[in-house]
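Protein sequence lines, in the order shown, are assigned to chains A and B.
My numbering numbers the first residue of the first sequence as 418 and each following residue consecutively.
My numbering numbers the first residue of the second sequence as 3 and each following residue consecutively.
Hints are computed from structural coordinates only; laboratory data are not their basis.
Treat the hints loosely; a few may be bogus.
Per the computed footprint, the stretches of chain A lying under chain B, defined by three or more beta-carbons under 8 Å from a beta-carbon of chain B, are [what the hints assert, rightly or not]:
1) 454-460
2) 563-575
3) 655-663
4) 670-678
Under 7 Å between C-beta atoms, here's a sample of chain B residues computed to sit facing chain A [unchecked claim]:
5) Gln226
6) Asn227
7) Phe229
8) Thr230
All residues carry an ideal CB built from backbone N, CA and C; glycine is no exception.
The residues making up each chain are set out below.
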Amino acid sequence: MRRYVLPWLFLAPLLLLSLIVHLIPAVSTVGASFTDWSGFGSANFVGLDNFASIVRDRVYLKALTNNLIWTGIFLTVPVMMGLFGAALLAQVKRFQIVYRIAFFIPYTLAAVISAQIWKGILHPVVGISPWLAAVLGNDDLRVNFLGNPQTALFTVAFVDNWHFWGFLVVLYLTAMQNIDPELYEAARIEGANRRQEFWFVTFPGIRPTFVFTILMIIIWSFLVFDYIFVLTDPPGGPAHSTEVLATFAYTKGFRNFNVGYAAAVSMTMVLVTLLVTLGFTFLRRRGWEI
Amino acid sequence: LVGLSIANAQSPVIVTWTTGTPLEQQSLFIDSFNNAHDDIKLEMVFTEDLRQTLNTSLAAGRGPDIIETDGPAFATEYANANLLLDMTPYAEQFGWKDVLLPWAYDSGLVGDMLASIPQTFETFILYYNVEMFEANGWALPTSLEDINAICNSAALMDVWCFSHGGGGTGNEWYVGTFLTHHAGADNVYRALTGELAWNDAVFVDAITALKTQVDAGWWSGDVQNYFTFGWGDYQTNFCQGRAAMMISGTWDFNFIDSYCNDLGIKLNWDWMPIPALREGVEPTFDLAIGNSLSINARSEHADATAEVLNWLMNDPARALEQSAVFSFGEWFVPLHYEADDMPEGIDPRVTRYISTFAKVTGQGYIGYTTWTFLPIETDSQLIQGLSSVLTADITVETYLTEINDIFVREAGEGKVPPAPPTAAESP
Chain A
418 MRRYVLPWLF LAPLLLLSLI VHLIPAVSTV GASFTDWSGF GSANFVGLDN
468 FASIVRDRVY LKALTNNLIW TGIFLTVPVM MGLFGAALLA QVKRFQIVYR
518 IAFFIPYTLA AVISAQIWKG ILHPVVGISP WLAAVLGNDD LRVNFLGNPQ
568 TALFTVAFVD NWHFWGFLVV LYLTAMQNID PELYEAARIE GANRRQEFWF
618 VTFPGIRPTF VFTILMIIIW SFLVFDYIFV LTDPPGGPAH STEVLATFAY
668 TKGFRNFNVG YAAAVSMTMV LVTLLVTLGF TFLRRRGWEI
Chain B
3 LVGLSIANAQ SPVIVTWTTG TPLEQQSLFI DSFNNAHDDI KLEMVFTEDL
53 RQTLNTSLAA GRGPDIIETD GPAFATEYAN ANLLLDMTPY AEQFGWKDVL
103 LPWAYDSGLV GDMLASIPQT FETFILYYNV EMFEANGWAL PTSLEDINAI
153 CNSAALMDVW CFSHGGGGTG NEWYVGTFLT HHAGADNVYR ALTGELAWND
203 AVFVDAITAL KTQVDAGWWS GDVQNYFTFG WGDYQTNFCQ GRAAMMISGT
253 WDFNFIDSYC NDLGIKLNWD WMPIPALREG VEPTFDLAIG NSLSINARSE
303 HADATAEVLN WLMNDPARAL EQSAVFSFGE WFVPLHYEAD DMPEGIDPRV
353 TRYISTFAKV TGQGYIGYTT WTFLPIETDS QLIQGLSSVL TADITVETYL
403 TEINDIFVRE AGEGKVPPAP PTAAESP
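Produce the entire structure from the sequences given, and follow the hints as far as they go.
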C-alpha cells in the first residue's frame, strides 16, 4: 500500500499547484463563457448567447481568419528557414556554437523589448524606410508597414518570425546531430546527393521533432498575442487587420468589461487546440510515425 | 500592554491609493496631506497598468481604499457591481456639492448614489503653430470652411493640417470632436438621453466630414500615418513644424513644451476653442473628466479615505498649486476658482483657458467627450470601429448603427453616466 501511496504524496504539492494554477482558472473560464460576467460582481447565466453572438460577430470572424493566415505563415516560413538553417549549420564544424548562439539570441529577448525596437525601425517618420527613401531620393521606398491594413499582419508576423525561427534552427539541429552518421555514409555509398540525403536520411531522422514543432506552431499560432499587442495600437489595428482571437478576447474582457464574452472567445481557441491535438493523437494511433 | 496600546493609539490609519500617475509629480499633495494629519497616513502606489491592476484586485475582493478610474463610465461599471461606497454622506458632511462645479459633481452620480468625484477635468482645444499662421497670413478659423482653406493652403506647402495620434484612444478624441462641434452638442445631448439615435443623419454627416478630411490627407499626411501615430508622435510632429494645428486635450499644456524641449525646439504655440464645424452649431467647450476617485466598498477606513478626498477639494489654492505641476493638464479638480486662487507665474495661455472655460461653460455652452459621457462598451466600439470606416471596410451608417445598438443595450443596463444639459436643452 505504502508503495502506491508514497509516489502520490511526493507528487501532491505539484498536483495541488497545477490544480490551483491551471484547473481552477480553466473551469472558471468555462463557467464564465455561459454568463454575462463583467469581470467583477455577480454574473447572470446566459446559456449559449455568447457563442451565438460570436458566430455573428464580424470582428471575431476576421480574427479567426487572421489566426488561420498566421498559422499558414508560421507553418511555412520559419519551418523552412529553420530546416534550411539547421541543415547548413550541421555542416559547420568549427565555431558552430557561435552561430547557434547568434540564431538563438532573438528568441531569448523579451517580446516587449524586441517588438518596441522593431516598432522604431518600422516607424513611418523616423524608421528605416523613410531614411532609405531620403538617402536614395526615392519616395516609393517610404512604406508604412504597420499602418497599411494590407501589410500590417504580415509585418507583425515577420517580426515574430525574426525572433522565432532561430529557436527552430536549434531544435532541428539538435535532432539532426542525433542521427547516426553511418546512415549518411551508407547514403553516400549508394550515390545520394545532398538533397536526397536530406529527404531520405535527415528528414526521417528528425521527424518526431519536426512533427512536435508543427503541433506546437499550430497551438501557438492560435494563442499569439504579445507581438501584436505591442506593435499595434489599438491592439489588432489598424481596422482589425491584425486582430487575432487573443487580442479580440483581451479587448472584450479588459477594455469592454465583457469577460463572459471574452471567455467564450477563449473557449473557441481551446477548441481549435483540442482538435489539433486530437488529430495528431488519432494519426499516431493509426500508425503514423509522428 | 500599556506600551502596546500607546503605540496603537499613535499609529495613523493607512489610506491606500493605487495611481496611474508617477508619484514624484503628486508629492505636493501627498506631503501636504500627511504633514497636516497625524492620525491618517496616505500611501500612494504607482502602477503602469492601473485599469488591469484594479480589475484584478477588485475581482479578488481587495483593492486600495481609493479607487482611481478613467472617468465616470468606469466608476459606473464598478458601482453597478457594488464595489464602490456611496459617498453621499461624506459629500453632505464636507459640502462637496457646493465646492465642485455642478456638472462635475453630477457626473459622479449613479442613480442617487455618489459613486465618484472628479480628480481632474479637461477639454478639447485647437492648438496652432503661431509662427506658421503669421507667416502665411492665416486667420484663426471660425468655421469648417476656414479650416478647409487652411488645410488646402498647408497641403500646398507639404505641411500637414493636423498633427494627431489616431492610434490607441485617438479615434475617440476626433469622433467626439466632430460629434459635438459638427453634429452639435444639443444633438449629442439628445442622443445621450435617448431622444435621438446615434445613427441619425446629423451624426452620419459629422463622421463623414471627419472621414473626408482624413481621406484628403489632412490628418498627418495619409490614413496610414493616422493609424500609426500615437502618443508622443503627434506632439513631436507638432513641435517639428510638420503640422499647422493639433486638436487635443488640455493635458497637452503639460506635454507640448516638454516634447519640444526634448527635441531642443522652442515652439511658439497657442490655442483657441474648437470652432463650430457646421452652420447653426454653437461653439462650446467639451466637458471631460480625466480621472475619477471613489471609495472602495470594502475599505476599512472609509472615514479616513473621505478625509483624503476632501483634501483635494477643501482649498482651491492648494489644488491649483498641485495642478500647476502638470501645467494644469492633470490634477485639475473642477472647483469654483477665484482669481486670487491662481498661483503666480502661470503661463498666460493657461490662465486664458481657465477663465474662458469657466465663462463659456457657465453660460451652458458645453459639449461632451465620449469617454466621460458614453458607457464603456459604446465608447470602445466608437474607438475600434472608426478605423474600419476609414479603410472603407464598413460604411459610416453601419458604424453608427453598431454604436447605437450597443448604446441602447448599455442604457437599458443603467450604464450611461449622467450628462448635464446644454443651454438650449436646459429645462
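Here is how each hint holds up against the structure:
{"no.": "1", "hint": "454-460", "verdict": "holds (count 5)"}
{"no.": "2", "hint": "563-575", "verdict": "holds (count 4)"}
{"no.": "3", "hint": "655-663", "verdict": "holds (count 4)"}
{"no.": "4", "hint": "670-678", "verdict": "holds (count 5)"}
{"no.": "5", "hint": "Gln226", "verdict": "holds (3 Å)"}
{"no.": "6", "hint": "Asn227", "verdict": "holds (6 Å)"}
{"no.": "7", "hint": "Phe229", "verdict": "holds (4 Å)"}
{"no.": "8", "hint": "Thr230", "verdict": "holds (4 Å)"}
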